[in-house]
Amino acid sequence: MPFRKIYSYLNIILFVKYQEHNFPFRFLSYLKCVCFYCVSLGDNVFVHGIAATPTPLLKGLCDYVKANDIKRVTLHHLHLEGETPWTAEEFKGRIRSNSLFTGSNLRQAVNEGIADFNSCFLQEVPLLFRKGAIKLNAALIHVSPPDANGYCSLGTSVDTARAAITNADYIIAMANKHMPRTFGDGVIHSSHIDALVEDHTFPLHERHVGKGSEEERKIGAIIAENLVENGATLQMVFVKVKVFVGIGAVPDAALLALKNHKDLGIHTEMFSDGVLDLINSNVITNSKKAIHPGKLVVSFVYGSTKLYNYLHDNPLIEFGDVQWVNDPAVIRQNPKVTAINSAVEVDLTGQVVSDSVGKRFLSGFGGQVDFIRGAAVGNDGLGKPIIALPSVTKKGQSKIVPYINEGSGVVTTRSHVHYVVTEYGIAQLWGKNMRQRAYELIKIAHPSQREFLEKAAFARLKVYERKAVEYG
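Its first residue numbered 1, the sequence shown is counted upward by one per residue in this note's numbering.
It should be emphasised that the hints constitute simulated quantities derived from the structure, not laboratory data.
Values in this document were obtained by computation on a predicted structure and should not be read as measured data.
Keep in mind that the hints are not guaranteed to be accurate.
Mimicking BS3-like on lysine-lysine, the simulated pairs with C-alpha atoms at most 27 Å apart in a straight line are [what the hints assert, rightly or not]:
no., residue 1, residue 2
1, Lys395, Lys211
2, Lys211, Lys306
3, Lys211, Lys262
4, Lys92, Lys71
5, Lys262, Lys288
6, Lys395, Lys432
7, Lys399, Lys443
8, Lys66, Lys135
9, Lys432, Lys399
10, Lys395, Lys359
11, Lys59, Lys135
12, Lys443, Lys395
13, Lys218, Lys262
14, Lys211, Lys399
15, Lys394, Lys218
All chains, please: the whole structure from these sequences, using the hints.
Listed below in structure tokens is the structure:
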């Protein structure tokens with residue numbers, strides 16, 4: 001009998017003993033040394049990500065692969081938090097990342113060819129597993145401990161993990177009392193897990209939000225005051241530049257400016273602590289939503305322990321498979337969908353770069369296009385797809401550019417973009433021709449960059465200069 005079959009049988013016996021004799025939840029903790037025996041030459045291994053990154057399991061996998069001289073193991077994942085020891089020279093030829101969304105801890109490895117970047121719409125990542133484009137041999141996940149009926153929860157990150165655990169040959173899980181038990185698509189019974197290891201000493205990864213810059217706060221206020229209506233359904237990217245490619249505190253700043261709004265809803269790929277005050281003050285009620293009215297719909301979260309505690313056993317938070325959450329056909333059914341996303345740069349025709357800087361990869365597609373499209377084609381015709389970014393970089397370089405930088409990839413096309421917002425105002429691009437778009441974008445560029453952009457617009461699009469007074 002192959003070892004994998006023996007191992008699965010052993011796991012079933014141990015699980016039954018745990019159920020029948022009500023042992024403390026330690027039935028597999030002494031088997032940490034063997035829980036990776038299902039991983040072998042050339043295997044594809046999914047890794048749970050973001051706040052749910054199972055760091056102890058990753059360390060154990062690295063130790064096991066090194067000790068047993070296993071080659072060509074590929075890790076498939078979204079952004080992972082924590083250290084990435086497998087990018088060291090000693091793991092060359094042994095373990096390699098295939099990153100479907102890259103964070104700061106893997107950017108250097110990706111750009112040096114030590115790890116790979118896989119460009120894919122976030123909504124379609126589960127299809128890679130379901131259709132067999134990526135055949136998963138194993139999945140490493142981070143779950144809540146089994147309840148009285150033996151059910152665990154994927155907790156903070158259902159996203160692509162749901163598809164992974166339903167398509168991987170073997171599931172290796174770390175159970176942790178710090179992982180909140182959440183409602184929705186993230187439920188898995190212990191009997192479906194091949195190796196279940198407890199570790200209650202490891203805290204979940206957290207995101208701590210700063211106040212943001214003055215420019216970011218201005219952008220947030222402009223969006224809240226001009227583009228978010230009462231009863232709107234929001235999608236916002238609550239991320240920091242050093243983790244993903246984001247706009248720092250802009251989404252949180254927008255939330256702070258929404259205190260006087262009414263009956264807002266949330267249907268988003270992710271959220272963070274910024275929503276808590278608005279929920280507690282009844283600004284976010286989700287009462288007007290068409291999809292899961294009364295509930296906040298999300299695919300994964302990333303925030304503080306306070307947020308994770310709020311999620312625990314909270315039936316008002318519905319975690320969904322990202323293939324469904326990010327489906328434009330689902331998104332469009334909600335009222336006044338307002339999608340707020342970020343960018344690295346926007347050219348004078350409205351092309352949006354958000355996953356790279358020149359030839360360097362920074363992050364990934366994420367759900368930007370999914371929600372931009374869902375908002376644009378909203379059933380009620382009242383959706384607002386928004387791209388928000390500061391007008392200049394920290395070095396003073398314009399983020400509104402004549403041409404995108406050489407090597408940069410367009411994530412959101414010029415045809416998708418309706419609104420672009422900087423601290424200087426709102427450019428409305430939908431329905432505008434290329435010359436009109438250039439005028440709109442120059443108006444919201446940094447004043448020190450407008451003359452340069454006017455000249456570039458004339459050279460590229462034959463746009464004639466306007467008087468400075470027209471820019472306000």
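Status of the hints after comparison with the structure:
Between the alpha carbons of Lys395 and Lys211 the distance comes to roughly 20 Å, so the proposed pair stays at or under 27 Å and holds. Restraint check: the Cα-Cα separation between Lys211 and Lys306 comes to about 18 Å, which is no more than 27 Å; the hinted pair holds. Straight-line distance between C-alpha atoms of Lys211 and Lys262 comes to about 24 Å, which keeps the hinted pair within the 27 Å bound. Distance restraint check for Lys92 and Lys71: the Cα-Cα separation of roughly 9 Å lies within the 27 Å cut-off, and the hinted pair is therefore satisfied.
As the CA atoms of Lys262 and Lys288 are separated by approximately 10 Å, the hinted pair is consistent with the 27 Å bound. Our distance criterion of 27 Å between C-alpha atoms is broken by Lys395 and Lys432, whose separation comes to about 31 Å. Of the supplied pair hints, the one linking Lys399 and Lys443 holds, its CA atoms being roughly 13 Å apart against a limit of 27 Å. Our distance criterion of 27 Å between C-alpha atoms is met by Lys66 and Lys135, whose separation comes to about 23 Å.
The hinted pair formed by Lys432 and Lys399 meets the criterion: a straight-line CA distance of about 20 Å does not exceed 27 Å. With a CA separation close to 19 Å, the supplied pair Lys395 and Lys359 stays within the 27 Å bound. In summary, the hint linking Lys59 to Lys135 is supported, as the alpha carbons are separated by about 23 Å, within the 27 Å threshold. A distance of roughly 21 Å separates the Cα atoms of Lys443 and Lys395; the hinted pair therefore holds under the 27 Å criterion.
A C-alpha spacing of about 21 Å is found between Lys218 and Lys262, which places the hinted pair at or below 27 Å, so the restraint holds. As the CA atoms of Lys211 and Lys399 are separated by approximately 22 Å, the hinted pair is consistent with the 27 Å bound. For the hint linking Lys394 to Lys218, the alpha-carbon distance of about 16 Å falls within 27 Å, and the restraint holds.
When held up to the earlier numbered hints, the structure conflicts with hint 6 and nothing else.
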